[in-house]
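A.B. asks: Chains A and B supply the protein sequences, listed in that same order.
Taken in order, the first sequence gives residues 1 to 783; the numbers are from this note's numbering.
Taken in order, the second sequence gives residues 1 to 161; the numbers are from this note's numbering.
Check each hint, because a few of them may be wrong.
[To be verified] In silico SDA-like pairs for lysine to any residue, Cα to Cα no more than 20 Å straight-line:
(1) B/LYS131 <-> A/LEU681
(2) B/LYS131 <-> A/VAL693
(3) A/LYS684 <-> B/LYS6
(4) A/LYS9 <-> B/LEU119
(5) A/LYS629 <-> B/GLY37
(6) B/LYS6 <-> A/GLU109
(7) A/LYS629 <-> B/GLU73
(8) A/LYS684 <-> B/PRO91
(9) A/LYS629 <-> B/ASN14
(10) B/LYS6 <-> A/TRP110
(11) B/LYS131 <-> A/PRO62
(12) A/LYS25 <-> B/ASP35
(13) A/LYS93 <-> A/PRO62
(14) B/LYS6 <-> A/PRO62
(15) B/LYS6 <-> A/ASP108
(16) B/LYS6 <-> A/TYR37
(17) B/LYS6 <-> A/VAL693
(18) A/LYS676 <-> B/GLU128
(19) B/LYS6 <-> A/SER5
(20) A/LYS676 <-> B/GLU49
(21) A/LYS25 <-> B/GLY37
(22) A/LYS629 <-> B/ILE20
(23) B/LYS131 <-> A/ASP620
(24) A/LYS684 <-> B/LEU47
(25) A/LYS684 <-> B/GLU98
(26) A/LYS684 <-> B/LYS131
(27) A/LYS676 <-> B/ALA129
[What the hints assert, rightly or not] Facing chain B, a subset of chain A residues (Cβ under 7 Å, in silico):
(28) LYS19
(29) GLY654
(30) ILE772
The hints are simulated quantities; they were obtained by calculation from the structure and are not laboratory data.
The beta-carbon is built from N, C-alpha and C at its ideal position, and this holds for glycine as well.
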Amino acid sequence: MAEFSVVGKPLTKPDAYAKVSGQTKFADDLSLPRMLYGRILRSPYPHARILRVDPSRAQTLPGVLAVLTGDDLPVKFGILPVSQDEEALARDKVRYVGDPIAAVAATDEWVADEALDLIDVQFTELPHFMSIPQALAGEGEPIHGTSNVHKAVALEFGDTEAAMRAADHVREDVVFFEGNTHLPMEQHAALAQYAADGKLTLWTSSQTPHYVHRALGKVLDLPMSRIRVIATPNGGGFGGKSDIFSHELVAAKLAIATGRPVKITLTREEVFYAHRGRHPVLMKVRTGFTRSGRITGMQFQSFLDGGGYGSYGVASTYYTGALQATTYAIPRYRFEGVRLFTNKPPCGPKRGHGTPQPRFALEVHLDKVAEELGLDPVEIRRRNLPKSDSRTVNWLRITSCGLTDCINKVVEGSRFLERRTSMPRGRGLGFAVSSYLSGAGTAIYWNDMPHSEVQLKLDRNGGVALLCGAIDIGQGSDHILAAIVAEVLGVAIDDIQLTTADTDLTPIDLGSYSSRVTFMAGNAAKAAAENVRDRLFAVAATALHCDAEELVARDRRIFRLNRPADGLSFAQVVQLAEGEGGVVTGSGSYTPPKLAGPYKGAGVGPSPAYSYSAAVVEVDCDLKTGEVKVPEVWIAHDIGRAINPMLVIGQVEGSVYMALGEALMEEQTFRLGLHKFPSLLEYKSPTALEAPVMHTYLVETIDREGPFGAKEAGQGPLLPVIPAVANAIYNALGIRIDEIPITPDKVLKALNARDKRVGPKTVPAFAFPPLIKAEVPPEWKGK
Amino acid sequence: MSIADKVVVRLRVNGEDTAIMAPPYKTLLEVLREDLGLTGTKHGCELGECSMCGVLVDGKPFLSCLAMPLDLEGREVTTIEGMPRGRELHPLQVAFAELGAAQCGYCTPAMLLTAKALLDREPRPSREAIKDALSGVLCRCTGYLKIFEAVELAASRATRG
Chain A
1 MAEFSVVGKP
11 LTKPDAYAKV
21 SGQTKFADDL
31 SLPRMLYGRI
41 LRSPYPHARI
51 LRVDPSRAQT
61 LPGVLAVLTG
71 DDLPVKFGIL
81 PVSQDEEALA
91 RDKVRYVGDP
101 IAAVAATDEW
111 VADEALDLID
121 VQFTELPHFM
131 SIPQALAGEG
141 EPIHGTSNVH
151 KAVALEFGDT
161 EAAMRAADHV
171 REDVVFFEGN
181 THLPMEQHAA
191 LAQYAADGKL
201 TLWTSSQTPH
211 YVHRALGKVL
221 DLPMSRIRVI
231 ATPNGGGFGG
241 KSDIFSHELV
251 AAKLAIATGR
261 PVKITLTREE
271 VFYAHRGRHP
281 VLMKVRTGFT
291 RSGRITGMQF
301 QSFLDGGGYG
311 SYGVASTYYT
321 GALQATTYAI
331 PRYRFEGVRL
341 FTNKPPCGPK
351 RGHGTPQPRF
361 ALEVHLDKVA
371 EELGLDPVEI
381 RRRNLPKSDS
391 RTVNWLRITS
401 CGLTDCINKV
411 VEGSRFLERR
421 TSMPRGRGLG
431 FAVSSYLSGA
441 GTAIYWNDMP
451 HSEVQLKLDR
461 NGGVALLCGA
471 IDIGQGSDHI
481 LAAIVAEVLG
491 VAIDDIQLTT
501 ADTDLTPIDL
511 GSYSSRVTFM
521 AGNAAKAAAE
531 NVRDRLFAVA
541 ATALHCDAEE
551 LVARDRRIFR
561 LNRPADGLSF
571 AQVVQLAEGE
581 GGVVTGSGSY
591 TPPKLAGPYK
601 GAGVGPSPAY
611 SYSAAVVEVD
621 CDLKTGEVKV
631 PEVWIAHDIG
641 RAINPMLVIG
651 QVEGSVYMAL
661 GEALMEEQTF
671 RLGLHKFPSL
681 LEYKSPTALE
691 APVMHTYLVE
701 TIDREGPFGA
711 KEAGQGPLLP
721 VIPAVANAIY
731 NALGIRIDEI
741 PITPDKVLKA
751 LNARDKRVGP
761 KTVPAFAFPP
771 LIKAEVPPEW
781 KGK
Chain B
1 MSIADKVVVR
11 LRVNGEDTAI
21 MAPPYKTLLE
31 VLREDLGLTG
41 TKHGCELGEC
51 SMCGVLVDGK
61 PFLSCLAMPL
71 DLEGREVTTI
81 EGMPRGRELH
91 PLQVAFAELG
101 AAQCGYCTPA
111 MLLTAKALLD
121 REPRPSREAI
131 KDALSGVLCR
141 CTGYLKIFEA
151 VELAASRATR
161 G
C-alpha cells in the first residue's frame, strides 16, 4: 500500500471550481438589502496639522445618512501592541497624502463622493520628510512625538570587532532597496452590518481576521462577543491585507451610526495609500573572511524608511537583521537597525517581510568577496552553509536544512559554472541562496495560547465538517487543511466541508502571514484528525474484534491492515461512534515551541522550521537601452514535504514572478510629497510577456516537526531571485547595480561610470543605542 | 449631483435579453455587477489598465469598466457566468482548475474569457500567441506559467477529439 493517498499528490484544490466559475464571493461581491456605500476623505498634504473638520455641508446633502470625523473614533490602534499610533480618521495631524480624515455613508457612491467634496477641512502645512536622510536631519516638527526615530535596535552576539581583526579579508558594502507594494488585483473591501440585537458583523478581505476582531473591539469599545469578523477569500494578499485598516473600522462605525449595512471598497489609488508594503532600506554590511572564504564575523546595519505610522515596523526592523545567520554559519554577529518615520504611506510586511532587502545586500556582497578571494560564487556559499539540527549564533534553532541539495539542483540544472564564463557580453548568469520562516514563532500579542486550532465534526453519512480560522489568500490553505484531514481519516477531499475565517464559528488561526498556515494550521488539522480517528478506531476495533493498532483508514474504509477485507465503511464507523457516544467531534491545536533566545528582541526570527531556496537567473541585457530581460530561471526550494506539489510549484513560480518585478521595475516613489505612480498603468509590474521559462525543483527534507514533514512555500522562493538578477547583470556586463530596482537608466549610468557601479556610497551618521551584548549559545563559544 | 434619474438599459447577456432601469452614466461593469448580479466580473482599477473587468462582446475581449451599456444594445455580452455550456464547464475552466492556474481567482474570469476568445479564433495557439493574447490581463499570483499550460491543455483536449 502506498504511504499516502492524498498527501504528495497534485490534486485539484477544493475552491478551484468556484474560482474558475466566477462563483467565489470576494468582499466587494457581497451586497445586503438597504446597503449604503461608504467613502473616505483623505489628506491632500504629506504633513499637516488639522485645524478644523466641518462636516455640516455634507450632512445636509440628500442621500447622505452619516458623516464621521476623527472625534467619532478617538481610540488609537495598531497591529503591534507597541505601536498603537493610528487613528481610523486623523484628528490632529495627517502624516501622508492619503491619510484618512473623514467618512460618509450614502445611498449611492456618486452621492458619497459628492459629499466628500462638501466636508470642509482647514490645514496648516508642516515641513515634510520624504527620505531616510531627511527624516534623520529632522528639520521641522517630527512626524510623531519628539523624533522621527521610530525604533532603533543594536544587538551583538560575540565580539565582532575581534572577528574582523582575526579575518584575512574584510569587505564592506553599502546598498539600497527601494520600496514597492503588493498590488493585489482585488482592492480591499469591507462590508459591515449592525443588527437590531446590537451585534456587529464585518466581512472583509483580510489576511488576519483575528487581529481585526481584536481591533474592532478596542476601537468601537464593544465586547468581542458582540462582533463577528468573517474574512472573505482574498483576491491576492502578499502581506498587504494583514494590517488593521481604517476602512474596516469606519465601515463598522458607519453601520452602527446608520443601522444599515455599509460597504467600503477602496479605489486602486487608495490601495496604494493603504500600502504596508516593502520598506525602502539602506544597508551596510561588513564581513570578515578567512583566506579560504569562511566567515569570521559580520556587522550589519539597516536604515528603514517606515512611512507615517508604526504598523509592523518594529518587527520589520528586527527582520532585516534576523535571518542572516540561518542562511550562513556566522560565528560572530552584530546587527544595528533603525526605522524612521517619513511622510509616506506606512510600510509593513510584503512577501519575505523585512528579509528580501538584507538578502539582496548579503548575496551581492558575497559575490564580490568570492571574486576577491578567487572563489566561484557557489563555492563561497558552500563553505559557509548552516547545518541541519543546529542553532545559529543569534539562537535560532534550525531543524531540517536542504540548502546543499537546493544549490546542487540549480547549479547542475543551469550548468551555472560552465556557462557563466562562456556567455557573450550582455548575457549572464547569477546565483543566490536564502532561508525563510515557516511561521513566526511568537504571536503578535504575547500569550500562551495556541497559534492555530481546528475543529472537526463528523456527519453520520461520512462527511467531515472542518472549522478553522485560517483564510485562503490564493496560496491554497483550504486545500492543505482538507488534504491533511482527508489523509488521516482515509476519506476524499470532496468529503470535507470547510468553514474558515469566521470568528463566530471557527477556532483561532492567527492569520495568513509569516508563511505559517501549512505548518501551524496544518499541524492543528493533523492533531484534530488524529483525535477523531482514535475514537473511530476504538469503536471499529470492538466491532471487528481486533486491536485498534491493527487498523488503518483509507479509501473511505476502516479496516485491518493485514486483513483488508475485515473492515467497515467510514460512515458505518461514524454511525457506531455516534450511537455509542453522541456527536462525533474532535479538535486539535498547535503551539510552536518556545524558541526565543535569552535577549531583548529575541521574539522576531524564531520559527519552528526554516525553508531554504537557491536560484540561478539568466539575463539578457540590451547595451543600447539598458533594458534587462530574464529569459530563464532555475529555482530549488526545500519544502520539507510537498502536501500538494502542484500548489507548491505555484507558490514558487509566483514568488519568482514577484521577485522579478521587484528586481527590475517595481517601485513606490514620491515627488513633492505625492506618490508618483498610484495606478496600475504607471506602477510597472510584469505581464505575461515578461514571464520567463522557469525550472522548479522541490527538495524534500521531511521536517520532523512539520505536518507530514512540510515547511513553507509562499515567501522563501522570492528571496534569492532578486540578488541573483543583480549578480547576473554583473556577470553579463561587469557592472554593479547596488540598488533595487535595476531600471534601464541605472544600467546605462553604470556602463558609463568610471567605477561601473550605481548605488549608495555611505550610510548617514546615526548614533545607534548601546549594543545589547547577548550571550552566545554554548556551541558557538570559543569559535 | 442628487439622486440619479434612471433610463431603460437593454442588454443581451449570456444569451438572455434583459432590460433594467439604471442611471445612464453607469458602466457596463457596474450594471453587470450591481444590477444583474453577475459578480463574476471583477474590477481592479476601473480605468482600463488591468483587464480584471474583461468580458466578451460579440466574442471579442472587451473592458467592461470603459463601456457604456447604452452603446451595446443589440450586441452579445458574455461573462464568466455564461462560459459553461449549460452545466458543463468550458474546457478552459476545467484545465485552469486541474492545473492550479487559479490561485486567488480574482483575475481568473477575465483570463478565461480572454483565453476563450483566443482559442475561438486560433484553436492551437503557440506559447508566444498565448502570451501575447493574455498580456493585457494582470495576474499577481501565478507568474503566468500555469495559466499558459492550462490554455495549452484545454487547446489540446478540444482539438484532439
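A.B. asks: State for each hint whether it applies.
C.D. replies: Here's how the hints hold up against the structure:
1. Only pairs whose Cα atoms come within 20 Å are accepted, and B/LYS131 paired with A/LEU681 is accepted, the gap being roughly 19 Å.
2. Note on B/LYS131 and A/VAL693: the hinted pairing holds, with a Cα-Cα distance of about 12 Å set against a maximum of 20 Å.
3. Of the pairs offered as hints, the one joining A/LYS684 and B/LYS6 is violated, with about 38 Å between alpha carbons and a cut-off of 20 Å exceeded.
4. Among the hinted pairs, A/LYS9 with B/LEU119 is inconsistent with the structure: their alpha-carbon atoms are about 30 Å apart, more than 20 Å.
5. The hinted pair formed by A/LYS629 and B/GLY37 fails the criterion: a straight-line CA distance of about 42 Å is larger than 20 Å.
6. The hinted pair formed by B/LYS6 and A/GLU109 meets the criterion: a straight-line CA distance of about 15 Å does not exceed 20 Å.
7. Pair hint A/LYS629 plus B/GLU73 does not hold up; C-alpha atoms about 44 Å apart against a cutoff of 20 Å.
8. Restraint check for A/LYS684 and B/PRO91: the C-alpha separation of about 32 Å exceeds 20 Å, so the hint is violated.
9. Under the criterion of a C-alpha separation no larger than 20 Å, the hint pairing A/LYS629 with B/ASN14 is inconsistent with the structure, at around 41 Å.
10. The straight-line distance between the Cα atoms of B/LYS6 and A/TRP110 is roughly 14 Å, inside the 20 Å bound, and the hint therefore holds.
11. As the CA atoms of B/LYS131 and A/PRO62 are separated by approximately 49 Å, the hinted pair breaks the 20 Å bound.
12. Of the supplied pair hints, the one linking A/LYS25 and B/ASP35 holds, its CA atoms being roughly 16 Å apart against a limit of 20 Å.
13. Between A/LYS93 and A/PRO62 the CA atoms are separated by roughly 30 Å; this puts the pair beyond 20 Å, and the hint is violated.
14. For the hint pairing B/LYS6 with A/PRO62, the CA-to-CA distance comes to about 17 Å; that is within 20 Å, so the pair holds.
15. Taking the CA atoms of B/LYS6 and A/ASP108, the gap is near 13 Å; set against the 20 Å cutoff, the hint holds.
16. Between B/LYS6 and A/TYR37 the alpha-carbon distance is near 19 Å, which keeps this suggested pair within the 20 Å criterion.
17. For the suggested pair B/LYS6 and A/VAL693, the alpha carbons sit about 51 Å apart, so the restraint of at most 20 Å is broken.
18. Among the hinted pairs, A/LYS676 with B/GLU128 is inconsistent with the structure: their alpha-carbon atoms are about 33 Å apart, more than 20 Å.
19. At roughly 58 Å between alpha-carbon atoms, B/LYS6 and A/SER5 are farther apart than 20 Å, so this suggested pair is violated.
20. About 16 Å separates the Cα atoms of A/LYS676 and B/GLU49, which keeps this hinted pair within 20 Å; it holds.
21. Pair hint A/LYS25 plus B/GLY37 holds up; C-alpha atoms about 12 Å apart against a cutoff of 20 Å.
22. Taken as a hint, the A/LYS629 and B/ILE20 pair is broken in the structure, with Cα atoms around 49 Å apart against an allowance of 20 Å.
23. Between the alpha carbons of B/LYS131 and A/ASP620 the distance comes to roughly 19 Å, so the proposed pair stays at or under 20 Å and holds.
24. Taking the CA atoms of A/LYS684 and B/LEU47, the gap is about 15 Å. The hint holds against a cut of 20 Å.
25. A C-alpha spacing of about 30 Å is found between A/LYS684 and B/GLU98, which places the hinted pair above 20 Å, so the restraint is violated.
26. Using a Cα cut-off of 20 Å, the hinted pair A/LYS684 and B/LYS131 holds, with the two alpha carbons roughly 18 Å apart.
27. At most 20 Å may separate the alpha-carbon atoms for a hinted pair to count; A/LYS676 and B/ALA129 exceed this at roughly 33 Å.
28. For the restraint placing A/LYS19 at the interface with chain B, the shortest Cβ-Cβ distance is roughly 3 Å, inside the 7 Å limit, so the hint holds.
29. A least Cβ separation of about 5 Å between A/GLY654 and chain B falls short of the 7 Å threshold, and the interface hint therefore holds.
30. Residue-level restraint check for A/ILE772 is violated (minimum Cβ-Cβ distance to chain B is 39 Å; threshold 7 Å).
Taken one by one, the earlier hints fail for this structure at numbers 3, 4, 5, 7, 8, 9, 11, 13, 17, 18, 19, 22, 25, 27 and 30, listed in ascending order.
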